[in-house]
Amino acid sequence: MLRMILSAVLLFSGLIIIWISVFGVFRFHFVMNRMQSAAMIDTMGLFLILTGLMVVSGERSVILKLILILVFQWISSPIASHMVGRLEVSVDPDLSSHVVFEHHEEDT
Amino acid sequence: MKKFKEWLRNWDEDRFMFAEDKEMLEEEEESGGDSWRPMTISGLERQEFRLFTRAFPVMAGILALVMILFLLSAVLQLPAFGSADTPPAKSGTIRRYVEQGMQETGAVNIVAGVILDYRAFDTLGESHVLFAAAAAVFILLLFARDPQESPESKAILRSDPILRNTAKVLIPIIILFGSYVVFNGHLGPGGGFSGGAIIGSGLILYDMAFGPDRLNKILTLKSYRIIVLCALLFYSGAKCYSFYCGANGLETIFSPGTPGRIFSAGLILPLNIAVGVVVACTMYGFFALFTREQI
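The listed protein sequences correspond, in order, to chains A and B.
With the working numbering applied, the first sequence has no gaps in its numbers, which climb one by one up to 124 at the end.
With the working numbering applied, the second sequence has no gaps in its numbers, which climb one by one up to 323 at the end.
Since the hints were derived computationally from the structure, they do not count as laboratory data.
Mixed in with the good hints, there may be bad ones.
Stated by the list, open to error - Away from chain A, derived, C-beta distances all over 12 Å, residues of chain B: (1) L170; (2) N193; (3) T248.
Unchecked claim - Far from chain A, some chain B residues (derived; all Cβ distances over 12 Å): (4) F80; (5) G110; (6) P115; (7) V136; (8) F149; (9) A160; (10) M236; (11) G274; (12) M311.
As the list claims (entries may be wrong) - Label-pair restraints from in silico Cβ distances: (13) B:Q131 - A:L18: 47 to 55 Å; (14) B:G89 - A:W90: 24 to 32 Å; (15) A:A24 - B:K250: 56 to 64 Å; (16) A:H98 - B:F318: 22 to 30 Å; (17) B:I190 - A:M60: 17 to 25 Å; (18) B:E154 - A:K81: 27 to 35 Å; (19) B:N244 - A:I91: 24 to 32 Å; (20) A:H98 - B:I90: 42 to 50 Å.
Ideal Cβ positions, reconstructed from N, Cα and C, are used throughout, including at glycine.
All chains, please: the whole structure from these sequences, using the hints.
Shown next as structure tokens:
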């Protein structure tokens, strides 16, 4: 029973995180803000939902597979967000109207 | 209806516009105005357009409702999930697949036994459809345009150290997993199509991270052609042999073997490998063609 309640809390907080991210993707106008908002889904939202599923299943093989999914998603999806940001930096001509540069990069 | 015919007769084939618009455009060109401006529509057309925009959602909603009702009534008439009176359960083929599939084909995964042994002719056709589609895309993209230099933004993306170092970690795992799915097709879920798609995505990631130069040493257009042709010829030849033997009641040299071993299930493992090679090469080839118009 306690396990069910814990997993329900985790799943619902994951859903709330995902809902906030989707809201942010449609609400923001600049690419970087939207990218950051979208990246929240597959880091925090995925973590909370997979943890909830681990708690509710309780089997060792299922938990190991879910941990594997989490590790690969956490390796790969921030790279995707990073590439989106990188592309925006290299393509957008009036980037400085949106962003304040702390130091100027020579190589980009 | 008569009005519509008149309206249609005004259509100018050469300029893709109506006669009134053409006259107005010509007037403007003579007076030296802008060459482009939004298309104007006359009063009658505007009325029709307004009617259309109002009627369209209503009609679309009615159509969707009718379709939903039809589909739901069809769903209600389906037999319950897993019940004994479903059409495939009555026909007897499913009982044969489930009860004797493992002894006859040697595959633990019955789906692999069905698609690559009982119904291999179908899968052979699918592979050739894939090959024909790939050949058509190659004809359209490879010889229509000259290869271009890659734009600067791609070079910037390629030199990204974060992407490179992550790709170094991920690519071996992706290709290992794809090979596992291909080689495990007759023992568990998997097979040539899915495993080949995983290997192809690993190759695409390699291409995006490190550029095409290193991969082009192994995988050129010529080697692509040789690989795909060999795989398809092997598939066709092996299946021709087994169809010939099966139709004439002869013994084949491929035995089902012990179910559960990696070298078992007769032709299924080599056929999975052939299909996987074709799918992986075709996916990578499509990616290379669409990004830089050469392989």
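Against the structure, the hints come out as follows:
1. The claim that B:L170 lies off the interface holds: its Cβ sits roughly 27 Å from the closest Cβ of chain A, which is beyond the 12 Å cut-off.
2. Not every CB of chain A is more than 12 Å from the CB of B:N193 (nearest about 10 Å), against its label as outside the interface.
3. Every CB of chain A is more than 12 Å from the CB of B:T248 (nearest about 27 Å), matching its label as outside the interface.
4. The Cβ of B:F80 sits about 29 Å from the closest Cβ of chain A, beyond the 12 Å cut-off, so the non-interface label holds.
5. Residue-level check passed: B:G110 sits 24 Å from the nearest beta carbon of chain A, beyond 12 Å.
6. The Cβ of B:P115 sits about 35 Å from the closest Cβ of chain A, beyond the 12 Å cut-off, so the non-interface label holds.
7. With a closest Cβ-Cβ approach of about 19 Å to chain A, B:V136 is found to remain outside the 12 Å limit, as its non-interface label requires.
8. The beta carbon of B:F149 sits about 36 Å from the closest Cβ of chain A, which is more than 12 Å, so the claim that it is off the interface holds.
9. The beta carbon of B:A160 sits about 33 Å from the closest Cβ of chain A, which is more than 12 Å, so the claim that it is off the interface holds.
10. Distance check for B:M236 against chain A: the nearest CB is about 9 Å away, which does not clear 12 Å, and the non-interface claim fails.
11. The beta carbon of B:G274 is kept farther than 12 Å from every beta carbon of chain A, the shortest such distance being approximately 40 Å.
12. The claim that B:M311 is not at the interface with chain A holds, since no C-beta of that chain comes within 12 Å of its own (minimum 18 Å).
13. Checked against the hint of 47 to 55 Å, the C-beta distance between B:Q131 and A:L18 comes to roughly 48 Å, which is consistent with it.
14. A hinted range of 24 to 32 Å is violated for the C-beta pair B:G89 and A:W90, which are about 44 Å apart.
15. Taking the beta carbon of each, A:A24 and B:K250 are about 59 Å apart, inside 56 to 64 Å as hinted.
16. Here the CB-CB span from A:H98 to B:F318 is close to 23 Å, well matched to the stated 22 to 30 Å.
17. In this structure the hint that B:I190 and A:M60 lie 17 to 25 Å apart at CB holds, the actual value being about 20 Å.
18. B:E154 and A:K81 have their C-beta atoms about 30 Å apart, which keeps the hinted 27 to 35 Å range intact.
19. Restraint check, B:N244 to A:I91: a C-beta distance of roughly 27 Å satisfies the suggested window 24 to 32 Å.
20. In this structure the hint that A:H98 and B:I90 lie 42 to 50 Å apart at CB holds, the actual value being about 48 Å.
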